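Asks: Chain by chain, the residues run as shown.
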Amino acid sequence: MSKNRPVAIVGIGQSKHRGHRPDINQVELVREAVTDALQDSGLNLKDIDCIVHGDMELFEGIHQPDMWHTIGDGAYLKSGFRITTGGTTGATIACAADNLVASGYYDVVLALGFEKQEEGHTTTGITNMADPLWMREIQTGAITGSTGLEWVNEFGERAEWAAAKLRVLMADNARRNPKAHLRVNITEQTVMDSRLLAYPLRLLHMCPESNGACAVIFASADKAKKFPQKKVWVWDHITTHREETFYRGGPRKDPLTQEVAARRLYKKVGIKNPLKEIGVFEMYDPSSWWQLDWIGNFLQLDRKTVLEMVERNAFAIEGEFPINPSGGVVSTNPIGATALIRVAEAGLQLRGDAGEHQVPRKFDVAMASGFGGTFWTVLMLLKKELEASKEVKVAVPAAKAKPAKKKTAPAKAKKTVKKAKAKKAKKVVKKAAKKPAKKNKTKPKKGKARKGRK
Amino acid sequence: MTEEKKQDLVEIQELVSVPHSFATGPVMGRFLSEIRDNKRIVANKCPKCGRTQLPPRIVCAVCHVQVDDWIELQPRGEITSYDMIFIPTLNPLTGKMREVPYTSASILLDGGDATLTHFLDVTDPKKVKVGMRCEAVFRPDGERTGSVMDIVYFRVLTEEGSK
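These protein sequence lines map, in sequence, to chains E and G.
The first sequence: position 410 = 410 (the working numbering), numbered continuously.
The second sequence: position 147 = 147 (the working numbering), numbered continuously.
Take these hints with a grain of salt, some might be off.
[Unchecked claim] Simulated DEER-style distance windows between Cβ atoms:
| id | chain 1 | residue 1 | chain 2 | residue 2 | range |
| --- | --- | --- | --- | --- | --- |
| 1 | E | Glu-308 | G | Thr-158 | 36 to 44 Å |
| 2 | G | Pro-26 | E | Tyr-76 | 41 to 49 Å |
| 3 | G | Ser-21 | E | Trp-68 | 26 to 34 Å |
| 4 | E | Glu-154 | G | Leu-93 | 33 to 41 Å |
| 5 | E | Arg-312 | G | Gly-146 | 51 to 59 Å |
| 6 | E | Lys-267 | G | Val-65 | 24 to 32 Å |
| 7 | E | Pro-208 | G | Glu-14 | 20 to 28 Å |
[What the hints assert, rightly or not] Subject to a maximum C-alpha distance of 20 Å in a straight line, what follows is the list of computed SDA-like cross-link-like pairs (lysine to any residue):
| id | chain 1 | residue 1 | chain 2 | residue 2 |
| --- | --- | --- | --- | --- |
| 8 | G | Lys-129 | E | Asn-153 |
| 9 | G | Lys-96 | E | Thr-123 |
| 10 | G | Lys-127 | E | Thr-147 |
| 11 | E | Lys-304 | E | Leu-256 |
| 12 | G | Lys-96 | E | Ile-143 |
| 13 | G | Lys-96 | E | Met-129 |
| 14 | G | Lys-127 | E | Asn-153 |
| 15 | E | Lys-230 | E | Leu-386 |
| 16 | G | Lys-39 | E | Met-135 |
| 17 | G | Lys-127 | E | Glu-150 |
| 18 | G | Lys-126 | E | Leu-196 |
| 19 | G | Lys-127 | E | Glu-154 |
| 20 | G | Lys-126 | E | Glu-154 |
| 21 | E | Lys-304 | E | Ala-314 |
| 22 | E | Lys-276 | E | Glu-259 |
| 23 | G | Lys-96 | E | Ala-142 |
| 24 | G | Lys-96 | E | Asn-128 |
| 25 | G | Lys-96 | E | Ala-130 |
| 26 | G | Lys-126 | E | Val-152 |
| 27 | G | Lys-48 | E | Arg-242 |
[To be verified] Some chain E residues near chain G, calculated using beta-carbon distances under 7 Å:
| id | residue |
| --- | --- |
| 28 | Pro-132 |
| 29 | Trp-134 |
| 30 | Ile-138 |
| 31 | Ser-146 |
| 32 | Ala-198 |
Bear in mind the hints are in silico, worked out from the structure with no lab data behind them.
Remember, it's a predicted structure, so these values are computed and weren't measured experimentally.
Beta carbons are placed, not taken as given, at the ideal position from N, Cα and C, and that holds for glycine.
Let the hints inform the model, and build the full structure from the sequences given.
Replies: So, in C-alpha cells, the structure goes:
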C-alpha cells in the first residue's frame, strides 16, 4: 500500500494551554487554535475544504460537540469528520487528515483536537471506557504504578531517580515553551517528595488535566506550493492495537504496541537506526514512568541503555536524541489535543520555528506518537523534504501520463522533462482539479505543470 | 464618571445521573452465573491455540475462532501485577470517593494462562510482592448477584497458607 499523493503540513496553531479557562466557552477555545493555525499558514477559512474534529466526548459530557463547535472551527458549510479515539484522538485526526488529502478527495484539511477538561469529570470519562461487565468497578482511571514497579524491581532506586530526572527535563523544556500548561521549576528531589498516587507513581510523574486546543492544516503538494508558510511533509504513519497488552501478566510475553508500531513503521519506510535517522521525537508520555518505559520500545533500546541515556541527559534539547522539547504530555494534556500537539510540535521543530525550545541541530526527520487508554499506539513520521526520487507508485489514471523513469531521474533531468510535458500535464491537472472543485470555493489553477514535483 | 465593572463570568452547573442496564450475553452470563451460583471461576479455552481467556469472550482474541470449550480454574493463583492506590478518586459508579489505600491486581489463576483483575485485601506495600499467591473470597450464599463484586477480594496468602 502506498499514498496516492504526498501531503504537507502548511499551518500549525495552538491555544495557550491552561488549567483554568473560565473566560471562554468550548467554541471560543477551539476558535483560538484555529485562528492561530490560519494565521500561521497565511490562509483563509475559504481555503479549507474539510475539518476533522476530535476530542473525548465523555470528558465534557457533550455528544457530537463538533456540531456545537462549527462556528469556532469554521466547519460551517464544509465537509467534516468526527473522530474520538481516546488519548490517541489527536494523532488519529492527524492520520485521518493525511489520509483524506492523500486520497485526492480533499486538498486542504484542518485537523482540530481539543479538550476543556475542567468542564467535566475526567475519571468518569476514563472509567466509562472500561467494559461494564467486569472491569469498570476495578479500574481507577489513568492511575497505575505497575510499570514503575517493574522498573523498581529490576533496578531499585536508580529507576526512581531516572523517572524523576525525566520529569525535571520535561519541566525545563516546558519553561521554554510559552504554550505549555505546567511550566514549573522543580528538582528531582521535588519529584521524589511529591504525593504518592500508586507506588511508585507520584503526583509529579503524572500528566495534568489541561484545557486547550490544537489545529494543524494538511494540504496536497499542489496547493501547498502556493501557500506562504514553510512546508513539512507527512512521511508515513501507523496505528497498532494489540489484544494482549491487557494481559498484565508480569514478565511480558508479548510486545507492547509501542514496540510493534515502531518496528512495523521503520520497516515500512526503511529506517534501520532510529537513533541516528530521526532527529527529534515528540512522544506521548502520560507519566514519567511510562516515558521511561516506552523510550526503549520506540527506539529499540534495552532498559539499561535507556537508564544510562537518561542519566547523562541524552534526551535534552541539546542532547544526543531530543525527546519532547515541548515539555511533553506531563506538562500539557488537553487530551483530545494532546496527541495532535505532538505532531504540531514535531512539525514546528522541522520548520525551525520552535523558538526557545527549538532543537539546535539540523535534521530531516521528526517523529510523533499518540497513546490511548486502550493501549494502542499511533506513530507518525514527518520529513523536511520529499525527494523527487521517492515518487509514489500511483494507480490513478491521471498519473499514467507521467514517464515511468521519473522514479530514478535526477532533479535536473526532471526540469527539462517537465517543460516538454507541460501540455499533457495541463490536461491532467485540469482533470484532477475537477474532483475537489465542488468543495473548493477558489478556482482551481490551471496550466501549472507541477503535479509531479514534490 | 462611570466605573468600568469587570464582567461577571457565569458558569452553568449540571449533574448527570444515568441509569444503565447492560446485557451480559451468554458467555459472560455463564461466567457470572458460575460465580453467583457455584462459587466457581470458569474460562473458555481456544480449540486452535489452547489459550484461556479471563473473563471469557465469545472468540479467541488471537485466533478469532469461536471458543466453545469451558474449563474450570482454581479460585486461587499468583499475583502478576498490582496497583496500590493512595489517592482518593471519585467512583463514578457510586458517586462516592473511594477509600484509600486499595489494591487492584492481576491474578494468574491456577489451571489456565490468563489473568483476572480484582482487588487484594492487602494495602501495605511491604506486604505484597509480585509472585505471591492469593485466594478468592466470595460473598456469602444469598448475597451474590452475578457481578464482579460477588468476589469481595482476593486474600493474599502468607507462606504457610499458600499451596
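Asks: Evaluate each hint against the coordinates.
Replies: Status of the hints after comparison with the structure:
1. E/Glu-308 - G/Thr-158: 36 to 44 Å: 39 Å, holds
2. G/Pro-26 - E/Tyr-76: 41 to 49 Å: 47 Å, holds
3. G/Ser-21 - E/Trp-68: 26 to 34 Å: Holds: the Cβ-Cβ distance is about 29 Å, inside 26 to 34 Å.
4. E/Glu-154 - G/Leu-93: 33 to 41 Å: This hint holds: roughly 35 Å between Cβ atoms.
5. E/Arg-312 - G/Gly-146: 51 to 59 Å: Check passed, 56 Å falls within 51 to 59 Å.
6. E/Lys-267 - G/Val-65: 24 to 32 Å: 28 Å, holds
7. E/Pro-208 - G/Glu-14: 20 to 28 Å: Distance hint for E/Pro-208, G/Glu-14 holds at roughly 23 Å.
8. G/Lys-129 - E/Asn-153: Holds: G/Lys-129 and E/Asn-153 sit about 10 Å apart, inside 20 Å.
9. G/Lys-96 - E/Thr-123: 13 Å, holds
10. G/Lys-127 - E/Thr-147: Measuring from Cα to Cα gives roughly 19 Å; hence the hint holds.
11. E/Lys-304 - E/Leu-256: With Cα atoms ~18 Å apart, E/Lys-304 and E/Leu-256 stay inside 20 Å; holds.
12. G/Lys-96 - E/Ile-143: 18 Å, holds
13. G/Lys-96 - E/Met-129: Cα-Cα ~19 Å, so holds.
14. G/Lys-127 - E/Asn-153: 15 Å, holds
15. E/Lys-230 - E/Leu-386: Measuring from Cα to Cα gives roughly 13 Å; hence the hint holds.
16. G/Lys-39 - E/Met-135: Measuring from Cα to Cα gives roughly 19 Å; hence the hint holds.
17. G/Lys-127 - E/Glu-150: 16 Å, holds
18. G/Lys-126 - E/Leu-196: 15 Å, holds
19. G/Lys-127 - E/Glu-154: 18 Å, holds
20. G/Lys-126 - E/Glu-154: 17 Å, holds
21. E/Lys-304 - E/Ala-314: 14 Å, holds
22. E/Lys-276 - E/Glu-259: 18 Å, holds
23. G/Lys-96 - E/Ala-142: 18 Å, holds
24. G/Lys-96 - E/Asn-128: 16 Å, holds
25. G/Lys-96 - E/Ala-130: 18 Å, holds
26. G/Lys-126 - E/Val-152: With Cα atoms ~14 Å apart, G/Lys-126 and E/Val-152 stay inside 20 Å; holds.
27. G/Lys-48 - E/Arg-242: Between G/Lys-48 and E/Arg-242 the Cα gap is close to 19 Å, so the pair holds against 20 Å.
28. Pro-132: 5 Å, holds
29. Trp-134: 5 Å, holds
30. Ile-138: Status holds, d = 5 Å.
31. Ser-146: 5 Å, holds
32. Ala-198: 5 Å, holds
Hint check: no violations occur; every hint is consistent with the structure.
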